[in-house]
Structures are given as C-alpha cells and as structure tokens.
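Student: Following the hints, complete the assembly by docking chain D onto the known chain R.
Below are the chains, spelled out letter by letter.
Protein chains: 2
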Amino acid sequence: MDFAAEMKRHVARVERGLDLHLPPAGTRPARLHTAMRYSLEAGGKRLRPVLVLATAERFGVRDDSALPAAVAIECLHTYSLIHDDLPCMDNDDLRRGRPTAHKQFDEATALLAGDALLTHAFGLMAESYAASPALAHALIRELADAAGSRRLIGGQMEDLLAEKKADASPEELEFIHLNKTAAMIEAALVMGGLAGGATDKNLATLRRAGRHLGLAFQIIDDILDATADTATLGKTAGKDAKADKTTFVKLHGLEKSRALAANHTTQTLTALRELPGDNTFLTALVESMAQRVN
Amino acid sequence: MDFAAEMKRHVARVERGLDLHLPPAGTRPARLHTAMRYSLEAGGKRLRPVLVLATAERFGVRDDSALPAAVAIECLHTYSLIHDDLPCMDNDDLRRGRPTAHKQFDEATALLAGDALLTHAFGLMAESYAASPALAHALIRELADAAGSRRLIGGQMEDLLAEKKADASPEELEFIHLNKTAAMIEAALVMGGLAGGATDKNLATLRRAGRHLGLAFQIIDDILDATADTATLGKTAGKDAKADKTTFVKLHGLEKSRALAANHTTQTLTALRELPGDNTFLTALVESMAQRVN
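Protein sequence lines, in the order shown, are assigned to chains R and D.
Residue numbering for the first sequence follows the numbering used here, starting at 48 and increasing by one per position.
Residue numbering for the second sequence follows the numbering used here, starting at 48 and increasing by one per position.
Hints may be right or wrong, so weigh each one.
Which copy is meant is left open, so a pair is good if it fits within one copy or across any two.
Claimed, not checked - Below, computed lysine-lysine pairings styled on DSBU-like, alpha-carbon distance capped at 30 Å:
| # | residue 1 | residue 2 |
| --- | --- | --- |
| 1 | Lys150 | Lys292 |
| 2 | Lys303 | Lys55 |
| 3 | Lys248 | Lys211 |
| 4 | Lys286 | Lys92 |
| 5 | Lys286 | Lys150 |
| 6 | Lys212 | Lys248 |
| 7 | Lys55 | Lys212 |
| 8 | Lys211 | Lys150 |
| 9 | Lys150 | Lys212 |
| 10 | Lys292 | Lys211 |
Honestly, the hints are just simulated from the structure, not real lab data.
Just chain R, with the same shape it has in the complex (with noise of 0.2 Å):
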C-alpha cells in the first residue's frame, strides 16, 4: 500500500465532500455561509473525517455512504476550533495559517458560524441517512454525546478553567485531553464503524483505539507546541508555554511525553489487531501521526 496515496485518496474525497454537503456560499445569509465555508476550506489534516472514511471502508463501504458523517464530524470539529479562537476563549488570531474567521469577518459572524457548523453537523446526518434512520440515529448520538456537555465542551471549560490555576493536576490534564481531543477522535472511529455496520465487540475495540490514539495525538500536539515554529505549525507556537499552560510536556517533561505518546500510540495499534481484516491504512495513519514527534 502506499501510504501517502491512499490517504491523498481519503483527503480528496473529505475535500468533495465538504463542497457538496455545505450550503453553497451564496446561499441566503450569503455572509454567514461565506463564513461557515471559510473556516472549513482552511484545510488542516483532516484526521478526523479521512479516520470515519477509513473506518468504513476497513468495514466493506465500497460507496460514499460515509462521506455524509465525515463531513459532520469535520463541521464539528471546525466549530469548536472557531469558538475556542474567540476573543472570550484563547484569543488567537490565526489558524491553519490564515486569519481566524473572527479576525476575517467579524466576533458576531463567526460566533453564529460556528453555531451554524454545530448545527450542520446533526443536520446534515439526519437529511443524508433519511433512508436508514436507524443508521441516522446511532451516528446522531454518537456524535452528540461526543460533543456535549460531559465530553468537547466539558474538556473546554475544564481547560479554562486550568489556565486560570497555577498548576493544573496531572488527573485535570487527563480529563481535559480525554474530552477535549480523545472524544472527537474516538467518535470518528465509532462513526466509521456504525456506517460500515460493525458489531457491537468491534465498536468497542474502535473506541477503545480512537481513546488511546486521541490521547497520543494530544501528547503529541503539547510536544510539538513547545518544540516546533509558527510556521511549521500553521498555529501559534509557543503559546503554552507562553500562557504558562499546564501541558504533558510541562508536567513530565519532553523525554516522559514522548515515552507516554508512544504507549497511546502502542495501544492504539494492539486495540486495532484485535480487529478481524485489513488493518493496513489505519496502522500506517497512526504510526505516521507518532513520527511526528520521533
């Protein structure tokens, strides 16, 4: 297999796919759609839709009949990226190396695109699976659950709220990784599993992978913040260190980060043995993702 193809592959169809299930820019509030469309067309990596992609084709989807889901879990993603760059939140005013769409358009328009991207996320589901409802419903909580209160926006507020401590605790820096980075990862890989219609010990096994590789991803990312260069990161780096944020990297150290990084990453890659068939892009995926910081 060749890796950098294959996942070229998967990002085109994510691309496709976002252009068809967005409202087209123009659309009445053309302001608002424009807006939506900006935040989601500054590309990024993708990881979360390419993970639902290549979760069901592993399972036999042969069609795009994921592509519904990965576009929402990527509306999703991109939402909590547009709040969290606000003003009242982490003030940033750049992301994937343009202008945050509070920056380009203005607080107000990027608070309701992002609402409107929330929004989308489960809207779009229920339109796309409208033939399958069952299907519809089991993505729709899924993702919801992933979401809300108890798991992104719980690991949100937590996050706040630890930026405002001299020192977070190592049990406050694993609530908030779990819930602000681990929840989408391992809903992407559940996702993935629901639309290829794996059985119930299966979406165990994916969200226990997507549990550890969101963690390991985290790790990595904290790693990166203090080792890499704006540039290279398309995001503001050194801004951890900056804000005097407790992170694995503050907490351990760079050599124990990067050892406790390659345990997720080792985790990731037992949980997906476990599973029956070809496990050859995912194992690639995530051992690329581990390199990062090797």
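Tutor: Quick look at chain D alone, frame taken from chain R:
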C-alpha cells in the same frame, strides 16, 4: 376548559422535564452545568415546549413521551438567547429579569453553556427516543432544519446585518421574522405532531399554523418593545427604538402592526380548525397571545 389551569399544568410539566432531562448542576464540569441550568431555570413563558406538549396531547399522547422533545426545543431556544445576549451580539445585561449568562458567569462560560445546550437538544432526543429511531430521526431533522443556517441562525445573521443599515426593507424584515422567530414556533407544533403520530397532511397544517403564530408572536413582541416598560417585559424595553432598529412598528406604525398581528392570529386559528379533533387549548393559547397587545 380552565385555560389558566391547563397552561399551569403544561408549564409545570416543562419545568419538571427540564430538571429531569438536564445533567445535574454538580456534573463535572460543575461551572458549565450550573450555567446551563441558570439560563434554563430563569423561567420565561415556556411557549415553545408548551406548544410541543399541547400539540402532542391533542394528537392523543397521554404520557410523557413528548417531554424530551419539549425540553430539547427549550434548550435550543435558551442557547439562542444566551448567544444573542453576548457582547458581540446584542450585548444585553438583563434577560427574564435576571443578569444574562455572561454577566452572571463570564463570556467564555456563556459561550460554552450555549454550545452545550444546542448539542444537548440533539443528544437528548437521540437518547430519549432510542427505542423509536424513526421518531428520533424525524424530530432531530425537524429541529436541525429550523435551527440551522437557513432558518434560526440565518435570521439572526440578517438581523445583525439589518441593524447596521439605516433601513431594512419590508422583505428583509419578513425574512428575519420568518426565520429568527417563526421557525422555532413552527418546529414546536410540528414536533408535537410528530410525537403524536400526526399524518403528513396534518403536519403540513401544523406547519402553516406555526408559521402564522410565529409571525404574530414577533409582531406582538415589536409592539410590546415599543409600548411596555422594562419591569413588565423582564428585559430592557425600548431597545429597538433606541437602536433605531427596523421593526414592524417602525416600518408600519402601531395601528397597522396591530392589524397585521391580528391577521396572522386569524390565519393561525383558521389552520388549527382544519385539524380534526379538539382545538380548545391551542385556540385559547393563540388568543391569549394576541390579547397581550389588544
């Protein structure tokens, strides 16, 4: 029928449902869940959830099976108020007679509490109607459509844009009111019908009734903003005139606005009469709303 007693019964059910179907205030993170409940428990007329319950009951629902849908629409409505009150939007300090969420907590908490209520609206229905995926799907689809970028959020966006212009046209005002206000009232009636197993024909009639009721409601709101005081409204009165905002009253004057509201009320009642069965409570509710400005 004792209208006041019936109204009280429905509102009490809504209040009980809100308490039952929201995570406890102490759920981690407590600040987030406390903020979600703070805004929900601020009261208000509970018009949308009462419409869901009353419509469902009218179509034969005798148990609490419409309650999660009613709670979901109130979560959705409350999120839209929290975000609408933020400094980058209407910048309002007072809502339902209490400090707005960002005044009581802070902007970031208010933003996240709004996001969480929006997400919870969908998650709650996915969870509560898990045994009836087709109903869950239909309810979620209806709410996502009404709350999406072409309707509720689209209306909010055009409302903001209109405020920056010297004069909004009657056509722009119609778009704003149809979407910012009428969409959710329409959805309330349709969701009640869905929970009650109404036929497609009756659902279409409910949609038409909801559209006229929503427009009547918004015109009445404009009239009250121009004529009532802050204590009566529980929110800042005279805001529209102060902001030189285009409203029905500014565009058409008080008399014509009253006539327009009366016309939409009549059309609501006409639509309701097309439904088979007993309209006593819904008719009384529509009339009580109209009487607020007569």
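Student: Just pull the numbers of the violated hints for me, sorted ascending.
Tutor: 2, 3, 6 and 7
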